[in-house]
Amino acid sequence: MPRTRVLLADDHAIVAQGIELLLKESFELVGTVFDGRALLQAAAQLKPDVIVTDISMPLLNGLDAIRQLKKEGIGAKIVVLTMHPDASLAAQAFKAGASGFLLKRAAGDELIQAIHEIVQGRAYLTPLVTKDVISVLIETKDGEAGDEFKLTSRQREVLQLIAEGRTMKEIAGILNISPRTAESHKYEMMQTLGIQTTAELIQCAIRLGLVTV
Amino acid sequence: MTDKNEAGRTRVLIADDHPRVLCEMEALLSSEFHVVGRAADGVSMVAEAARLRPDVIVSDIAMPGLSGIDASREILKDDPATVIVLLTVYNDPQLAKAALRIGIRGYVNKLTAGDELVPAIYRVLSGSTFVSSSCKDPDSGG
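Chains as they are written, first to last, in my numbering: chain A, 1 to 213; chain B, 214 to 355.
Please note that a few of the clues may not be correct.
Sample of chain B residues facing chain A (criterion: CB under 8 Å; computed from the structure) [said to hold, decoys possible]: (1) R233; (2) V234; (3) N322; (4) T325; (5) A326; (6) G327; (7) V331.
FYI, nobody ran anything at the bench for these hints, they're computed from the structure. Keep in mind it's a predicted model, so treat the numbers as computed, not measured. By construction, the Cβ of each residue, glycine as well, lies at the ideal position given by its N, Cα and C atoms.
Let the hints inform the model, and build the full structure from the sequences given.
Dropping the structure here:
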């Protein structure tokens with residue numbers, strides 16, 4: 001049986017090295033990338049069986065990268081590996097299309113086990129957050145949308161880049177759109193959220209977890 | 214016991230062959246310590262240790278030329294009181310034990326570096342040793 005091909009996305013180089021070694025012991029590591037945009041590219045090019053990704057990453061965060069990968073029809077199963085034992089984050093990850101969620105501090109045998117599970121079509125959720133995730137999922141009614149879901153995925157991409165301090169011109173370049181289109185995304189977002197200033201917009205990005213401070 | 218200069222901050226030499234990792238290590242340590250030198254391989258780590266006489270050396274194991282363990286052995290031969298912490302991807306209890314046997318004071322897994330490296334350095338500076346729990350022998354009971 002061919003070895004499972006795994007792609008890793010994590011912007012922390014020290015931790016990424018540790019995870020790489022773990023993955024190499026049981027799987028074929030096809031690449032490591034350090035931001036969400038590089039993940040989209042590498043996933044399309046390398047066609048891995050499994051993607052192991054962090055959530056907070058520059059240029060494009062892990063959750064939005066997952067949504068985009070799924071929209072593009074990428075077949076890889078996705079495992080989220082994060083520092084945050086946050087149940088609502090786990091719930092969001094599964095809704096976005098992830099098949100696994102676990103914590104970095106437990107990475108080790110648990111990560112290997114999680115990958116084996118999801119390759120066989122099952123989901124894996126770390127026992128460290130299980131109970132809370134179930135209550136979050138039960139409490140969230142269908143159709144109930146926070147600020148995050150009032151925005152389109154393109155708007156969220158623009159929002160993360162604004163919060164990372166990039167100019168409209170840079171944002172346009174990264175997203176391959178015209179500066180004018182980038183501007184209009186920004187203003188539509190401000191209208192949707194009912195806010196007036198860029199500072200408030202940045203606060204919103206932090207609240208949504210698109211960037212960390 | 215290592216004599217920690219209370220007036221200034223603890224002086225640290227860091228060694229790793231990956232520039233990205235070296236950069237991150239410096240970011241992780243500079244809030245608490247003064248990073249006085251960087252080395253990208255074992256040979257320059259030995260040279261920098263002799264030149265800078267740091268309070269602590271934090272080193273990778275797998276580096277080209279001279280490994281972090283061999284470089285540490287040379288440094289300890291010259292000055293057995295040197296405080297060295299290895300920061301590695303190898304969570305191998307045998308390797309951790311071997312490192313402590315030659316006088317290395319700390320052994321930290323890169324996976325948990327964010328949480329453990331700074332406390333590990335304080336610990337070894339106080340005269341104890343530190344080994345990440347993921348690198349401890351399950352039979353040793355400690």
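**Study point:** Which numbered hints fail
**Key:** 7
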